[in-house]
Amino acid sequence: MPRKTKVKLDSKIRIAAVSYLNTLPLLYGIEHSPVMNKIELKVDYPSKIAQWLIDGDVDVALVPVATIPHLKESYIVSDYGIGADGKVASVCLFSDVPVNEIKTVILDYQSRTSNELARVLLRDYWRISPDIVYSQKEYRQEIKGTTAAVVIGDRAFEQKKNSTYCYDLAEAWKQMTGLPFIFAAWISNKKLPADFIKEFNAANEYGVNHIEEVINSIENKQGIDLKQYYTQHIRYYLDNDKKKALKKFLQLSLAFNTETLFQGV
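So the number in our numbering is just where the residue sits in the sequence shown, counting from 1, plus 1.
FYI, nobody ran anything at the bench for these hints, they're computed from the structure.
The beta carbon of each residue, even a glycine, is placed where N, CA and C say it ideally should be.
Worth double-checking, as some hints may not be accurate.
Simulated crosslink set (SDA-like; lysine to any residue; CA at most 20 angstroms straight-line) [unchecked claim]: (1) K192 with I55; (2) K88 with I55; (3) K192 with D80.
Computed beta-carbon distance windows for the label pairs [what the hints assert, rightly or not]: (4) E74 with K245: 33 to 41 angstroms; (5) E159 with K199: 35 to 43 angstroms; (6) K145 with L42: 35 to 43 angstroms; (7) S12 with R156: 32 to 40 angstroms.
Let's have the full structure, built from the sequences with the hints guiding it.
So this is what it looks like as structure tokens:
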């Protein structure tokens, strides 16, 4: 049995996260907490930080939950993450035609969980079998005719202005399963000290409990109703229903060949 690793108490813990709008409350809490003195924090897009965690380049990351089966060790280290109970607003399938007329779906190169969620929904909810294209670069200009695409994060708000049809993936999941959804969680690839986990969790909680301060710190160029987004669309607390949803999602997504699971990365 392989020996489990544990981070050294005298070293800074390497943490990675996404700087999308939906993560800013969590980052705000961390940046306004003494825990900042114990960590090295860097940000990038989801699939990239997921690869860092898989490769051991960071110790803990706010990663798409589809990363979990690809880690030798995995531990959820916070009661907070990125979830939704119904519409999430920033993870959508965009199209110029109704979903039953879609022939091709482009997956978002920045995503892992959202891509797998889309594939599950295409198969089990909408019951269609379009061609799947794995993007490697910007692709939104290709959303036209019967070609649709998954778009996540801040870019999804922009795409809503350009596409005729917008299918919210978290809403579709809720309609299919009756469950909320969890897109990302703070996952470590090794055991972390209990004192650090407690302090890190408190930092996340602080950010979620100070949404007004978070909103005031953001340059909101798109004019998004951030209070509605943070309090009605995003669900940060990982309750038991979200944990049930995570288990169900991983069971459904792993019905795919795992060798092709992350080809878009």
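Hints versus structure:
no. : hint                               : verdict
1   : K192 with I55                      : holds, 15 angstroms
2   : K88 with I55                       : violated, 30 angstroms
3   : K192 with D80                      : holds, 16 angstroms
4   : E74 with K245: 33 to 41 angstroms  : violated, 23 angstroms
5   : E159 with K199: 35 to 43 angstroms : holds, 39 angstroms
6   : K145 with L42: 35 to 43 angstroms  : holds, 39 angstroms
7   : S12 with R156: 32 to 40 angstroms  : holds, 36 angstroms
Hints 2 and 4 from the earlier list are contradicted by this structure; the remaining hints agree with it.
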